[in-house]
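When you get a sec, could you build the whole thing from the sequences and use the hints?
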Amino acid sequence: QEQLVESGGGLVQPGGSLRLSCAASRSISSINAMGWYRQAPGKQRELVALIIRSGFTRYADSVKGRFTISRDNAKNTVYLQMNNLKSEDTAVYYCNADNFGNVNWGQGTQVTVSS
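Per this note's numbering, the very first residue in the sequence shown carries number 1; after that it's consecutive.
Derived by calculation from the structure, the hints in this document are not laboratory data.
Careful, some of the hints might be misleading.
What the hints assert, rightly or not - Keeping only pairs whose Cα atoms sit at most 20 Å apart, straight-line, the calculated EDC-like set for lysine to aspartate or glutamate is:
#, residue 1, residue 2
1, 86, 46
2, 75, 98
3, 43, 88
4, 43, 72
5, 75, 2
6, 64, 88
7, 75, 88
8, 43, 2
Unchecked claim - What follows is a set of in silico ranges between Cβ atoms, one per label pair, in the way DEER data are often shown:
#, residue 1, residue 2, range
9, 64, 39, 13 to 21 Å
10, 43, 74, 34 to 42 Å
11, 39, 74, 23 to 31 Å
12, 65, 11, 22 to 30 Å
13, 27, 66, 27 to 35 Å
14, 46, 11, 31 to 39 Å
All residues carry an ideal CB built from backbone N, CA and C; glycine is no exception.
Right, here's the structure in full:
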């Protein structure tokens, strides 16, 4: 099973941008779905964005138009570009690989949106 390592989190002001990266320890070209989830304190983990091997993407309503997910199979990396960040985007963000039920998670990266 591949290891997933997230990076790019940090503290940003409202309206700012961050780009998260998820580097896999092996090729992701054969993995069906790669995604980003987040978990805020006291809340359940929720889907933020998903990208299927075909290129199909899906977003949570709360991030549509602000976040963009992409995958670079040559670099074994998935990205989450986050623009116009809001305080409610504050959470630990987790990378996820789902290959038809064979699920793997990264360790998470903290994103804090605050002035």
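Hints, verified against the model:
1. 86 - 46: Status holds; Cα separation ~16 Å.
2. 75 - 98: The given pair, whose Cα atoms are some 18 Å apart, holds under the 20 Å limit.
3. 43 - 88: Cα-Cα ~12 Å, so holds.
4. 43 - 72: violated, 30 Å
5. 75 - 2: holds, 14 Å
6. 64 - 88: Between residue 64 and residue 88 the Cα gap is close to 14 Å, so the pair holds against 20 Å.
7. 75 - 88: violated, 31 Å
8. 43 - 2: violated, 27 Å
9. 64 - 39: 13 to 21 Å: Holds, at about 20 Å.
10. 43 - 74: 34 to 42 Å: At roughly 35 Å between Cβ atoms, residue 74 and residue 43 fall inside 34 to 42 Å, so the hint holds.
11. 39 - 74: 23 to 31 Å: Holds, at about 30 Å.
12. 65 - 11: 22 to 30 Å: Because 23 Å falls inside the window, the suggested range holds.
13. 27 - 66: 27 to 35 Å: With Cβ atoms ~30 Å apart, the hint holds.
14. 46 - 11: 31 to 39 Å: This hint is violated: roughly 21 Å between Cβ atoms.
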